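First to last, the protein sequences are chains A and B. Per our numbering, the very first residue in the first sequence carries number 35; after that it's consecutive. Per our numbering, the very first residue in the second sequence carries number 641; after that it's consecutive.
If you're looking for bench data, these hints aren't it; they were derived computationally from the structure. Please note that the accuracy of each hint is not assured.
Said to hold, decoys possible - Computed list of lysine to any residue pairs in SDA-like fashion (alpha-carbon distance at most 20 Å, straight line): (1) B/K679 x A/V156; (2) B/K681 x A/M196; (3) B/K679 x A/N36; (4) B/K681 x A/R197; (5) B/K681 x B/P699; (6) B/K681 x A/D199.
Note that the coordinates shown come from a computational prediction; the quantities given were computed from them, not determined experimentally.
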Amino acid sequence: MNRTSAQALSVARPIIAGLTVLNIFYALSITVLLCASFVTEGWPWKQLGFDLATMHAQAANGLRAIMVIGMTGAAIVHTILRRLRVIVDTVRAGDPFILDNARRLHLIAWSVLGIELLRILVLAIATGMSLPGQMGGLTPAPWLAVLLLFVLSGVFTQGARMRADLDGTV
Amino acid sequence: MAILIRLDEQLHARRMTLTQLSERVDITLANLSILKTGKAKAIRFSTLEAICAALECQPGDLLAFDALQQIKE
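Using the sequences and the hints given, assemble the complete structure.
Here is the structure:
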């Protein structure tokens, strides 16, 4: 392992732990926002500068749907970070080429794909409701990441099989 | 596994211990023990060559095929 990889590996765990905390905070914030939207009149639309009277009749529900999607996304990100942490731990332990890691990478690939589909759903809702604000467009990078993750999980599966073949070779 | 390892017999014939063989062929005692007890799944040609050189024997003296064992499996 070269020096850069070793350094990346040493900082990976605290970064993943930090991102996990941030993601939980993000999910809790959206939950609070969603709950508050039902009990507080005009909140958070007014604070965000939206005038629901001039917008789509279902704009409020559209924003709530986006919040629910955001919470779902946070839950998916949590599973990704948890699996990533276990993979990093196996790399640090010197035994990453195992079938469990291949399975974890495969699930991470599906999770990233799920997040991208949720993003499309958010874009569709925002466009359909003519919601103001910058939602961001579709970029090929996340889809390439999904492809890369599926390929990588295949590489890990093959690596794990080769590793199993080597076990017991004298 | 229908392939039998006859390392024990060869060592016994030469009054040699597994530790002594390990020192001569530069293969760990643990790996030689795996080989001797028939727990190895594969053997490298380099390992076979080193053991044959140390014991002055042929690969056929170390390996055997047991057809009955294959039928049982």
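Against the structure, the hints come out as follows:
Proximity of B/K679 to A/V156 is assessed by CA-CA distance (about 57 Å); at most 20 Å being required, the pair is judged violated. The hinted pair formed by B/K681 and A/M196 meets the criterion: a straight-line CA distance of about 13 Å does not exceed 20 Å. Of the pairs offered as hints, the one joining B/K679 and A/N36 is violated, with about 35 Å between alpha carbons and a cut-off of 20 Å exceeded. For the suggested pair B/K681 and A/R197, the alpha carbons sit about 13 Å apart, so the restraint of at most 20 Å is met.
For the suggested pair B/K681 and B/P699, the alpha carbons sit about 16 Å apart, so the restraint of at most 20 Å is met. Simply put, B/K681 and A/D199 have alpha-carbon atoms about 8 Å apart, close enough for the 20 Å limit, and the pair holds.
Hint compliance for this structure: hints 1, 3 are not met, and every other hint is.
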